[in-house]
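Work out the full structure: start from the sequences and follow the hints.
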Amino acid sequence: ETGVTQTPRHLVMGMTNKKSLKCEQHLGHNAMYWYKQSAKKPLELMFVYSLEERVENNSVPSRFSPECPNSSHLFLHLHTLQPEDSALYLCASSQEQGTGANVLTFGAGSRLTVL
Amino acid sequence: QQQVKQSPQSLIVQKGGIPIINCAYENTAFDYFPWYQQFPGKGPALLIAIRPDVSEKKEGRFTISFNKSAKQFSLHIMDSQPGDSATYFCAASYTGGFKTIFGAGTRLFVKA
Numbered sequence: 001e002t003g004v005t006q007t008p009r010h011l012v013m014g015m016t017n018k019k020s021l022k023c024e025q026h027l028g029h030n031a032m033y034w035y036k037q038s039a040k041k042p043l044e045l046m047f048v049y050s051l052e053e054r055v056e057n058n059s060v061p062s063r064f065s066p067e068c069p070n071s072s073h074l075f076l077h078l079h080t081l082q083p084e085d086s087a088l089y090l091c092a093s094s095q096e097q098g099t100g101a102n103v104l105t106f107g108a109g110s111r112l113t114v115l
Numbered sequence: 001q002q003q004v005k006q007s008p009q010s011l012i013v014q015k016g017g018i019p020i021i022n023c024a025y026e027n028t029a030f031d032y033f034p035w036y037q038q039f040p041g042k043g044p045a046l047l048i049a050i051r052p053d054v055s056e057k058k059e060g061r062f063t064i065s066f067n068k069s070a071k072q073f074s075l076h077i078m079d080s081q082p083g084d085s086a087t088y089f090c091a092a093s094y095t096g097g098f099k100t101i102f103g104a105g106t107r108l109f110v111k112a
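Protein chains in written order, with this note's numbering: chain A, 1 to 115; chain B, 1 to 112.
For the record, the hints were derived by calculation from the structure and aren't laboratory data. Every residue gets a Cβ at the ideal spot worked out from N, C-alpha and C, and that includes glycine. Check the hints yourself; a few may be wrong.
So the derived list for chain A, only partly shown, Cβ under 8 Å to chain B, looks like this [as the list claims (entries may be wrong)]:
| # | residue |
| --- | --- |
| 1 | K41 |
| 2 | P42 |
| 3 | M46 |
| 4 | L51 |
| 5 | R54 |
| 6 | V55 |
| 7 | A101 |
| 8 | V103 |
| 9 | F106 |
| 10 | G109 |
Encoded structure:
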């Protein structure tokens, strides 16, 4: 496996379900991100972890709960979601190189549908 | 102040044409301006990027023009091909920060 891998690629869940999205990066990067992509809207940054510590939390509802057990893995735990949470959830990673350029490598995304 | 405004929302050009996508920002603290390309079923991938100390950067058929005083930058695709059909996102970030702000995206279709 290379790059950033996300599973599952597609997920359908009811509003009372609990599920998790998983992301794994094989690049040796030290930062990982969750972004939400909705149609015709900018990508929305949800969470950032740097060296396994959360450094950004962009006013995301508590029904989304991130977990970063190590620098290669990132999870997004989902519970009691709303239909408006249906979107493509993108995981990304980056490596701080001291140049200031924050180059993101994205996974293919997990398409979530909330019924 | 954290927004990046992108236009147009969609664009159709003939093969060989030069599509131009424009972006504008407000926060002068931004010092890194990348463009990402996204194909259906894939995540965005870095295409080309520029810093505000240069006015133009070329990589192959892709060119970024940067106007620091106007706080605007644009992507030009020379000799566009059907394989360039994708969604393009401009973005902005600043040194030492983890927050990359994205535009809303431009869906480009290049007709054969």
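Each hint tested on the structure:
This hint holds: K41 (chain A) has a C-beta 6 Å from the nearest C-beta of chain B, less than the 8 Å allowed. Below 8 Å, beta-carbon pairs count as interface contacts, and P42 (chain A) has one with chain B at about 4 Å; its hint therefore holds. A cut of 8 Å between beta carbons decides the hint on M46 (chain A): the least distance to chain B is about 11 Å, and the hint is violated. Hint status for L51 (chain A) relative to chain B: violated, with the closest Cβ pair at about 11 Å, above 8 Å.
For R54 (chain A), the interface hint is violated, the least distance from its beta-carbon to any beta-carbon of chain B being 11 Å, above 8 Å. Using the Cβ-Cβ criterion of 8 Å, the hint placing V55 (chain A) at the interface with chain B is satisfied: the shortest such distance is roughly 6 Å. A hinted interface residue such as A101 (chain A) counts as satisfied when its beta carbon comes closer than 8 Å to some beta carbon of chain B; here the least separation is about 5 Å, so the hint holds. Hint status for V103 (chain A): holds, given a least beta-carbon distance of 6 Å to chain B, under 8 Å.
A least Cβ separation of about 3 Å between F106 (chain A) and chain B falls short of the 8 Å threshold, and the interface hint therefore holds. Because the closest C-beta pair between G109 (chain A) and chain B is about 6 Å apart, less than 8 Å, the hint holds.
Hints 3, 4 and 5, counting from the list given before, are not met by this structure.
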